[in-house]
Amino acid sequence: MGSLVIIFKRELGSYFATPLAYIFIVIFLISNGIFTFDLGGLYVRGQADLLPFFSFHPWLYLFMVPAIGMSLWADERKTGTIELLLTLPVRLSDVVVGKFLAAWALTGIALALTFPIWLTVNYLGDPDNGVILAAYIGSWFMAGGFLSIASCMSACTKNSVIAFILTVSICFLFVIMGSPILLDAFPSWFPQILVDAFSAMGFLTHFDSIAKGVLDIRDFLFFSVFIAAWLMASAIVIEMKKAN
Amino acid sequence: MIKITNLTKKFGQFTAIDNLSFDISEGEVLGFLGPNGAGKSTTMKLITGFISPTAGTVTIDGHDISDEPIAAKSLMGYLPEGAPSYGDMTTWDFLAFVAQVRGFRGSEISRRVQQAIDEVELGSVSQQTIETLSKGFKRRVGLAQAIMHDPKVLILDEPTDGLDPNQKHHVRELIKNLARDKIVIISTHILEEVTAVCSRAIIISQGKIVADGTPAELEAKSKYHQAVSVRLTQDYDLEADLKDVPEVAAVEKDEENELTFTILTKEGKSIFAQVSEIAQSKQWPITEFHVSRGQLEDVFRTVTQLDAQPDSASGSQNQRGVE
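Heads up: the protein sequence lines correspond to chains W and E, in order. Residues 1 to 244 in UniProt numbering are what the first sequence lists, from first letter to last. Residues 1 to 323 in UniProt numbering are what the second sequence lists, from first letter to last.
In short, the hints are calculated from the structure, not lab data. All values derive from a computational prediction rather than experimental measurement. Hints may be right or wrong, so weigh each one.
As the list claims (entries may be wrong) - Listed below are the simulated EDC-like cross-link pairs for lysine to aspartate or glutamate, each with C-alpha atoms no more than 16 Å apart in a straight line:
| no. | chain 1 | residue 1 | chain 2 | residue 2 |
| --- | --- | --- | --- | --- |
| 1 | W | K9 | E | D88 |
| 2 | E | K135 | E | E121 |
| 3 | W | K78 | E | E131 |
| 4 | W | K242 | E | E81 |
As the list claims (entries may be wrong) - Now the in silico label distances, taken between C-beta atoms and shown as ranges:
| no. | chain 1 | residue 1 | chain 2 | residue 2 | range |
| --- | --- | --- | --- | --- | --- |
| 5 | E | R111 | W | S179 | 56 to 64 Å |
| 6 | E | D254 | W | L20 | 54 to 62 Å |
| 7 | E | S52 | W | M201 | 41 to 49 Å |
| 8 | W | P187 | E | G103 | 56 to 64 Å |
To be verified - Just a few of them, taken from the derived set where beta-carbon distance is under 8 Å, the chain W residues facing chain E:
| no. | residue |
| --- | --- |
| 9 | P19 |
| 10 | T79 |
| 11 | L88 |
| 12 | V90 |
| 13 | S93 |
Quick reminder that beta carbons are idealized off the backbone N, C-alpha and C, glycines included.
The shape of chain W in the complex, shown without the other chains:
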């Protein structure tokens, strides 16, 4: 457990040692403001909830989370520090999880800093704060899902731009998987069980209910398993590709 915490601290510290963390947070907050108030029409709806705020998150994360995750491993490979790191007496799993948690913590910090929007609805009306809290946690778990894909894609290449493009593409696939447009495209003879399985993998399927305040433990379980699977894949890719 020791080295996981040390790596987590170093990684998180390095985000804040460069302008990266600050730029990420500022752009995240500005985009959230625009989406929520302008496009989402928070005031116009006249309802004291944060649905417009949360429903844009999948699309916001689609571009912002890969931007943090793209350099997780690609940069280590490019600068050769991966060789230094993995010849220290640490387990690969500690490094993979430590790095992931640091990036996830950064998205958590950015998400927590949107609290003025929460204050606004509380000032204007009387929202269900339990629902909002659940949605916040759900949103953070979804960010973790995106990030775990980024971790794996970043392990595949030395080039962080390629990692970014791959991550965005795969994340996009997972976002739209559950959407009706895609599901209607399946021919009628296609086994329903496969269509359901396909739809169950979609981020929107799980996140929409969380955003609306339907607290289902299965949705959180989905994201947890999803993250674990992609992190395991990251470790396998690193183990396979570190030689070249």
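Use these hints to put chain E onto chain W, whose structure you have.
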């Protein structure tokens, strides 16, 4: 002690390391030599456990690097090729990070970091971010992280690459001082370094050992071993005087210096006495006269070019594998 048994590493079809076996015991400074792409770095990566072998084992003090990686890695300090480090951290923070990962806690962290900084003379840049440092300082940061836990085994991939002559000298002194109770493995293509610091040298080519011995033993394999080199003041037919000496193999004319000749011997026999006698009796116009110990460079070229020439295609593949 390090025990390497039948170590083999393949990248696809290409064999980078081919059935390598050797032992290294405490107190030895092993120089690892070979042309670019011969497998020096790959061997170091296998010993340090960065990559896993296709076949064979590496054990460090009884700990197999594949079965007990953490125990084996704790015993080693490693400077990878190019001395990578986290550019956005300061020297101090970076070393403190490595110290923590190495398991030091509390005040021991700053004690270790300070000690390592003093040892490689990094005090002046301890608060600078590493990316702003010169190549020589970066390499010393890499050295500092490798030695800070006083490891039993120190593996340095081209430790003096990019250093100026003073720094090179300093690093060599450091290695000699560290070597007393440790195993040090350095890879280099600077041959003088091997003579300067190593107690043993292994030359590998195409993933195989082609020579193994003390620097003196390797030098003895050179055709220049025991050869007598003379420098004349005016042209003189040395061969005519020497043709009756059976031990003389040939007289070589130096390509660069007009009046310098090297008298080669047969099978490393000493000819110093005979030649000096003839020189005196025939009154050779001599200004310099000395016996050569042999040239490592000559041995290196002989053993690595024998089998390296036939296919150049595998050479480029090798580069990729090692990188």
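**Request:** Check each numbered hint from earlier against the structure, then list the numbers of those it violates in ascending order.
**Result:** 7, 9 and 13
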